[in-house]
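Protein chains: 2
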Amino acid sequence: MPQPETSLMNRLVSLCKRRGFVYPASEIYGGLNGFWDFGPLGTQLKNNIRDAWWRDMVDCPPIGPDGQPVSIVGIDTSIIQHPKTWEASGHLSGFADLMVDCKESKKRYRADHINVFEVTMRDEDKEEKARLFFSYVEPEQLNEIVAGLIKRTKKDSQYYLSFERHPRNDSEKYCREEGLANNFLSKIQSDFILIERPFTALNAEEQAKVIGPDAKNAGTLTEPRSFNLMFNSYVGVFQNEESKVYLRPETAQGIFLQYKNVLDTSRVKPPFGIAQVGKSFRNEVTPRNFIFRTREFEQMEMEFFVPPEDGMKWYEFWVAERLRWWGEMGLSKANIFRHEIGDGDRAFYSAATADIEYKYPFTDPNFGELEGVAYRTDYDLKQHQTFSKTNLEYIDQEAKTRYLPHVIEPAAGLTRGVLALLCEAYQYDESRASPEWLKLKPSLAPIKAGIFPLVNKDGMPEVAEKLFMDLRKTHTCQYDAKQSIGKRYARMDEAGTPFCITIDGDTLTSQNVTIRNRDTAQQEKVALDQVKSYLSTKLS
Amino acid sequence: MPQPETSLMNRLVSLCKRRGFVYPASEIYGGLNGFWDFGPLGTQLKNNIRDAWWRDMVDCPPIGPDGQPVSIVGIDTSIIQHPKTWEASGHLSGFADLMVDCKESKKRYRADHINVFEVTMRDEDKEEKARLFFSYVEPEQLNEIVAGLIKRTKKDSQYYLSFERHPRNDSEKYCREEGLANNFLSKIQSDFILIERPFTALNAEEQAKVIGPDAKNAGTLTEPRSFNLMFNSYVGVFQNEESKVYLRPETAQGIFLQYKNVLDTSRVKPPFGIAQVGKSFRNEVTPRNFIFRTREFEQMEMEFFVPPEDGMKWYEFWVAERLRWWGEMGLSKANIFRHEIGDGDRAFYSAATADIEYKYPFTDPNFGELEGVAYRTDYDLKQHQTFSKTNLEYIDQEAKTRYLPHVIEPAAGLTRGVLALLCEAYQYDESRASPEWLKLKPSLAPIKAGIFPLVNKDGMPEVAEKLFMDLRKTHTCQYDAKQSIGKRYARMDEAGTPFCITIDGDTLTSQNVTIRNRDTAQQEKVALDQVKSYLSTKLS
Chain G
11 MPQPETSLMN RLVSLCKRRG FVYPASEIYG GLNGFWDFGP LGTQLKNNIR DAWWRDMVDC
71 PPIGPDGQPV SIVGIDTSII QHPKTWEASG HLSGFADLMV DCKESKKRYR ADHINVFEVT
131 MRDEDKEEKA RLFFSYVEPE QLNEIVAGLI KRTKKDSQYY LSFERHPRND SEKYCREEGL
191 ANNFLSKIQS DFILIERPFT ALNAEEQAKV IGPDAKNAGT LTEPRSFNLM FNSYVGVFQN
251 EESKVYLRPE TAQGIFLQYK NVLDTSRVKP PFGIAQVGKS FRNEVTPRNF IFRTREFEQM
311 EMEFFVPPED GMKWYEFWVA ERLRWWGEMG LSKANIFRHE IGDGDRAFYS AATADIEYKY
371 PFTDPNFGEL EGVAYRTDYD LKQHQTFSKT NLEYIDQEAK TRYLPHVIEP AAGLTRGVLA
431 LLCEAYQYDE SRASPEWLKL KPSLAPIKAG IFPLVNKDGM PEVAEKLFMD LRKTHTCQYD
491 AKQSIGKRYA RMDEAGTPFC ITIDGDTLTS QNVTIRNRDT AQQEKVALDQ VKSYLSTKLS
Chain Y
11 MPQPETSLMN RLVSLCKRRG FVYPASEIYG GLNGFWDFGP LGTQLKNNIR DAWWRDMVDC
71 PPIGPDGQPV SIVGIDTSII QHPKTWEASG HLSGFADLMV DCKESKKRYR ADHINVFEVT
131 MRDEDKEEKA RLFFSYVEPE QLNEIVAGLI KRTKKDSQYY LSFERHPRND SEKYCREEGL
191 ANNFLSKIQS DFILIERPFT ALNAEEQAKV IGPDAKNAGT LTEPRSFNLM FNSYVGVFQN
251 EESKVYLRPE TAQGIFLQYK NVLDTSRVKP PFGIAQVGKS FRNEVTPRNF IFRTREFEQM
311 EMEFFVPPED GMKWYEFWVA ERLRWWGEMG LSKANIFRHE IGDGDRAFYS AATADIEYKY
371 PFTDPNFGEL EGVAYRTDYD LKQHQTFSKT NLEYIDQEAK TRYLPHVIEP AAGLTRGVLA
431 LLCEAYQYDE SRASPEWLKL KPSLAPIKAG IFPLVNKDGM PEVAEKLFMD LRKTHTCQYD
491 AKQSIGKRYA RMDEAGTPFC ITIDGDTLTS QNVTIRNRDT AQQEKVALDQ VKSYLSTKLS
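Read top to bottom, the protein sequences are chains G and Y.
According to the working numbering, the first sequence is numbered sequentially starting from 11.
According to the working numbering, the second sequence is numbered sequentially starting from 11.
Be careful, since some hints might not be right.
Heads up, the list lumps identical chains together, so a pair's fine if it works in one copy or across two of them.
[Claimed, not checked] Straight-line C-alpha distance at most 25 Å; calculated DSS-like pairs for lysine-lysine:
{"no.": "1", "residue 1": "K451", "residue 2": "K497"}
{"no.": "2", "residue 1": "K449", "residue 2": "K289"}
{"no.": "3", "residue 1": "K535", "residue 2": "K492"}
{"no.": "4", "residue 1": "K254", "residue 2": "K113"}
{"no.": "5", "residue 1": "K483", "residue 2": "K542"}
{"no.": "6", "residue 1": "K476", "residue 2": "K279"}
{"no.": "7", "residue 1": "K116", "residue 2": "K254"}
{"no.": "8", "residue 1": "K548", "residue 2": "K343"}
{"no.": "9", "residue 1": "K117", "residue 2": "K449"}
{"no.": "10", "residue 1": "K323", "residue 2": "K467"}
{"no.": "11", "residue 1": "K392", "residue 2": "K449"}
{"no.": "12", "residue 1": "K116", "residue 2": "K289"}
{"no.": "13", "residue 1": "K535", "residue 2": "K467"}
{"no.": "14", "residue 1": "K392", "residue 2": "K27"}
{"no.": "15", "residue 1": "K343", "residue 2": "K449"}
{"no.": "16", "residue 1": "K113", "residue 2": "K548"}
{"no.": "17", "residue 1": "K410", "residue 2": "K492"}
{"no.": "18", "residue 1": "K497", "residue 2": "K27"}
{"no.": "19", "residue 1": "K27", "residue 2": "K279"}
{"no.": "20", "residue 1": "K535", "residue 2": "K497"}
{"no.": "21", "residue 1": "K289", "residue 2": "K94"}
{"no.": "22", "residue 1": "K399", "residue 2": "K27"}
{"no.": "23", "residue 1": "K279", "residue 2": "K497"}
{"no.": "24", "residue 1": "K116", "residue 2": "K535"}
{"no.": "25", "residue 1": "K451", "residue 2": "K483"}
{"no.": "26", "residue 1": "K117", "residue 2": "K289"}
{"no.": "27", "residue 1": "K117", "residue 2": "K27"}
{"no.": "28", "residue 1": "K289", "residue 2": "K254"}
{"no.": "29", "residue 1": "K492", "residue 2": "K467"}
{"no.": "30", "residue 1": "K476", "residue 2": "K492"}
Derived by calculation from the structure, the hints in this document are not laboratory data.
In this text the structure is predicted, and so the values were computed from the model without any measurement.
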């Protein structure tokens with residue numbers, strides 16, 4: 011199948027804008043980096059994923075490992091909480107990026123966005139090494155960089171050169187994707203031997219010799235300093251340290267703060283869960299990849315409280331369950347990956363963590379995070395117990411014991427879920443009226459059925475409108491009487507609408523409508539009075 | 011019917027906490043003034059109202075004045091938008107409270123929270139007036155104030171005394187409610203003639219003579235200065251004027267920013283609407299009345315774009331429609347009031363505005379805002395067109411005209427909706443197992459049915475669990491096998507659950523369950539296999 015030249019992500023972003031799934035936020039003011047708005051179709055899709063998660067977590071949670079239905083309640087906590095919350099959770103001290111300032115250019119860089127290579131000249135004395143510090147830049151700059159490398163290295167083998175990495179992917183893949191790799195790598199490799207090192211792995215002495223990415227002199231960069239990712243604001247009339255508050259970087263902590271209230275006021279006891287859907291904010295230094303890494307985003311998090319000895323059992327249960335769930339939402343097995351985080355890479359308090367990763371077009375052939383399932387032990391409750399001086403133990407009246415429950419946290423990105431499902435659904439087929447179409451799971455599709463009078467006369471609009479008014483009570487439908495039927499099909503394909511129902515001459519004479527299936531593009535005749543049950547069956 | 015001594019609001023707040031409707035945010039850290047969290051029941055109730063609004067606005071909007079179904083699409087925009095947004099909307103310059111600082115006490119007061127009375131001594135020379143500036147304080151301070159008034163006025167007739175008003179209600183009502191009015195007023199009236207004036211109505215010379223509420227000397231208060239109600243934050247690594255952003259104080263502006271994108275990418279044309287549900291933030295100086303005036307809250311706003319000549323027609327339509335809708339949600343006619351805002355009191359750009367007000371317990375016998383329906387003309391689009399230099403006109407291809415649509419905005423408070431519906435639903439009846447119970451509209455109730463095995467043995471739990479697992483697929487249900495059946499009814503009454511289904515001996519022998527109706531407390535027998543359709547019928 012021939013594919014268009016533009017990259018898949020570019021086409022998807024374009025489709026999202028053109029059809030009203032996702033728009034850049036504040037676009038008429040030039041946009042705001044890291045913020046996106048959901049248009050009519052995107053909002054419906056996002057709401058459908060949210061509702062499916064809520065149904066499968068809160069209303070109809072799965073059967074647990076003990077054969078009993080799991081018990082989960084939902085809550086909705088404030089984005090702004092008491093600042094002590096983030097002291098206790100560790101976000102105030104630990105939720106930070108290392109930043110480097112340049113005294114010459116007055117610019118600031120994320121330290122981990124500077125990749126460093128040890129570069130050895132091939133055609134010079136092998137003993138004479140020139141350490142060059144650079145990272146990846148826009149394709150059009152590659153030739154210039156290569157030329158600069160050769161020139162500088164030949165002139166002076168003891169200077170340190172740095173470049174800000176293009177904040178997208180690892181460089182090799184990026185170059186390969188853009189078809190520039192061979193050109194770039196062959197030039198580099200003819201002159202240098204490259205050994206990759208992270209900038210943050212340099213010692214202070216080496217760092218002090220680096221020429222800043224936008225500077226001309228060496229030694230202009232400061233040592234890396236911590237920059238907190240939480241947005242801050244001020245409550246009340248004065249703006250000072252005492253009135254400083256933070257926009258939550260995750261919904262989870264709101265759950266921990268109310269765990270005791272829920273325990274005291276709902277009829278729950280461990281094992282039980284508290285679920286929440288809501289917005290979170292992270293002041294990312296380099297937001298990127300469309301709605302993958304944004305500064306404002308939505309999460310679907312659930313904290314599951316269990317007796318300490320049952321932790322690993324429930325951890326395994328929830329990892330498997332969440333993998334199953336994303337599969338049920340339509341992600342194919344080949345594109346989902348369970349990434350078990352190794353002992354050295356987990357948060358110190360976590361006894362086990364698995365990322366559920368998706369093969370996004372911009373990570374392909376690798377995977378990127380979609381959901382994290384973490385066995386957080388009793389870390390959070392213990393921290394809040396200490397900082398709030400409130401006893402958060404669960405008292406088991408029957409067993410006459412008391413303990414701080416352990417917590418398993420399946421934390422999914424709702425915004426990322428929209429992205430993964432759009433990536434998965436995106437189809438390209440030049441033989442169709444609309445080469446681009448979305449193969450969304452029917453129950454998640456923003457519009458369930460398009461309802462068309464074949465022509466806008468002869469009594470067809472009246473029948474179609476009546477059907478629309480009836481169907482819309484149970485399914486999100488769209489009425490469309492404009493343009494040719496082929497164009498209307500094409501519009502619905504782009505929106506991912508699974509069914510198109512056409513009222514035609516046959517409807518007027520024999521009360522049959524034509525229903526066209528998005529995936530097969532096949533049409534079938536269905537009796538007008540059977541359309542509702544037809545849809546209900548197909549969408550259940 | 012005997013009523014308890016505690017005020018209705020106190021009882022409601024207590025019930026909300028006890029049953030998990032609403033908790034103070036960050037309660038284990040002492041709370042955060044103006045922030046509340048929704049517990050399991052409150053979240054379900056809020057979601058149900060949100061979904062009902064979305065259904066009646068986006069999925070199944072009403073029939074318009076022209077007999078055609080209204081066309082509305084939903085969107086979901088970012089809380090943080092480009093700061094130019096708030097310049098254009100007028101929020102940066104106009105969305106402010108007047109504040110007064112006290113140089114002596116270092117405290118800050120809202121200027122409009124200081125009520126001023128001109129006080130004339132009765133028993134002294136009628137010509138000699140003492141102007142006393144005070145407002146209302148806690149009941150236990152009333153006697154002290156009266157004593158102070160008498161003493162100071164007798165000693166010196168030319169000083170100015172101020173008190174910070176208790177930010178609850180108007181004083182007379184407050185006193186009456188607390189049963190202290192007669193005591194207070196009789197003392198005052200025996201010595202003084204009171205004439206009320208707002209503090210902000212004093213001229214600068216008078217203001218300069220005032221003794222601050224927490225000060226001992228006169229002339230310590232500054233003149234009123236503007237304080238913006240928008241929370242601010244900073245995007246990116248530097249915190250300066252250029253990186254300053256705001257948390258939206260209303261969801262509406264996000265709609266105006268994307269109006270053009272929606273017009274270009276959806277099949278809509280005026281008259282059409284764009285709807286949004288989401289959080290907004292206002293740094294209220296004095297949050298009050300439970301979840302009525304909070305700093306973080308949720309709105310359900312819809313902007314309806316119409317040809318300019320049809321503005322008043324649609325304004326009338328939406329005011330009537332929104333009144334009808336709140337009635338359908340369960341608010342009684344006697345408790346809703348259409349408050350038409352007079353010419354002098356509207357925003358300068360508004361051609362007409364009506365507040366839909368509810369008689370909250372703390373405003374009774376008066377009303378407080380629940381929703382505002384404003385005919386905003388083309389003010390917002392015109393402002394954004396000017397500030398963004400983007401043409402926002404609608405081009406009517408058929409009529410060969412172009413114009414900026416006029417906008418009708420029904421802007422409802424979702425958080426306030428929860429409060430109004432809880433106030434309306436609250437019942438007190440000492441003859442019931444739970445004297446306090448919630449008469450919520452069944453379809454909005456957090457739990458639709460409680461499912462109880464009469465005793466936790468004899469095979470009843472198995473039948474009840476099976477029924478629960480079946481019913482929960484279509485209705486939010488709760489299974490409860492603990493305590494006496496009376497206590498379980500009582501718990502469900504407090505939660506507003508319309509139906510309780512008991513599996514008893516009769517179920518085992520003749521396959522009948524007992525369904526108890528919340529409102530009538532009557533029970534009826536229903537066949538086990540008819541329960542699902544029974545619920546569906548009663549809840550539709």
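Hint-by-hint comparison with the structure:
1. K451 - K497: Only inside one copy: K451 and K497 sit 22 Å apart there, 44 Å across copies, limit 25 Å.
2. K449 - K289: neither (27 Å within a copy, 32 Å between copies)
3. K535 - K492: within (22 Å within a copy, 53 Å between copies)
4. K254 - K113: So K254 and K113 pass the 25 Å test across copies only (23 Å; inside, 29 Å).
5. K483 - K542: both (10 Å within a copy, 20 Å between copies)
6. K476 - K279: between (50 Å within a copy, 21 Å between copies)
7. K116 - K254: For K116 and K254, the Cα distance is within 25 Å only across copies (19 Å; inside one copy 27 Å).
8. K548 - K343: Answer is within; shortest intra-copy Cα gap is 23 Å, inter-copy 42 Å.
9. K117 - K449: neither (44 Å within a copy, 61 Å between copies)
10. K323 - K467: This pair counts as neither: shortest intra-copy Cα distance 64 Å, inter-copy 29 Å.
11. K392 - K449: This pair counts as neither: shortest intra-copy Cα distance 46 Å, inter-copy 40 Å.
12. K116 - K289: Answer is neither; intra-copy 33 Å and inter-copy 37 Å both fail.
13. K535 - K467: within (21 Å within a copy, 53 Å between copies)
14. K392 - K27: Between copies, since 24 Å is at most 25 Å while 45 Å is not.
15. K343 - K449: For K343 and K449, the Cα distance is within 25 Å only inside one copy (16 Å; across copies 48 Å).
16. K113 - K548: Neither: 63 Å inside a copy, 71 Å across copies.
17. K410 - K492: Classified as between; 18 Å across copies, 70 Å inside a copy.
18. K497 - K27: Answer is within: at 19 Å inside a copy they meet the 25 Å cutoff, but 55 Å across does not.
19. K27 - K279: between (46 Å within a copy, 18 Å between copies)
20. K535 - K497: Within one copy only: 20 Å inside, 55 Å across.
21. K289 - K94: both (20 Å within a copy, 23 Å between copies)
22. K399 - K27: between (50 Å within a copy, 21 Å between copies)
23. K279 - K497: Result: close only across copies, 19 Å inter versus 56 Å intra.
24. K116 - K535: neither (68 Å within a copy, 78 Å between copies)
25. K451 - K483: both (21 Å within a copy, 19 Å between copies)
26. K117 - K289: Close neither inside one copy (30 Å) nor across copies (34 Å); limit 25 Å.
27. K117 - K27: neither (32 Å within a copy, 50 Å between copies)
28. K289 - K254: both (20 Å within a copy, 20 Å between copies)
29. K492 - K467: within (12 Å within a copy, 63 Å between copies)
30. K476 - K492: Result: close within a single copy only, 17 Å intra versus 50 Å inter.
In terms of the numbered hints stated before, the structure departs from hints 2, 9, 10, 11, 12, 16, 24, 26 and 27, listed from lowest to highest.
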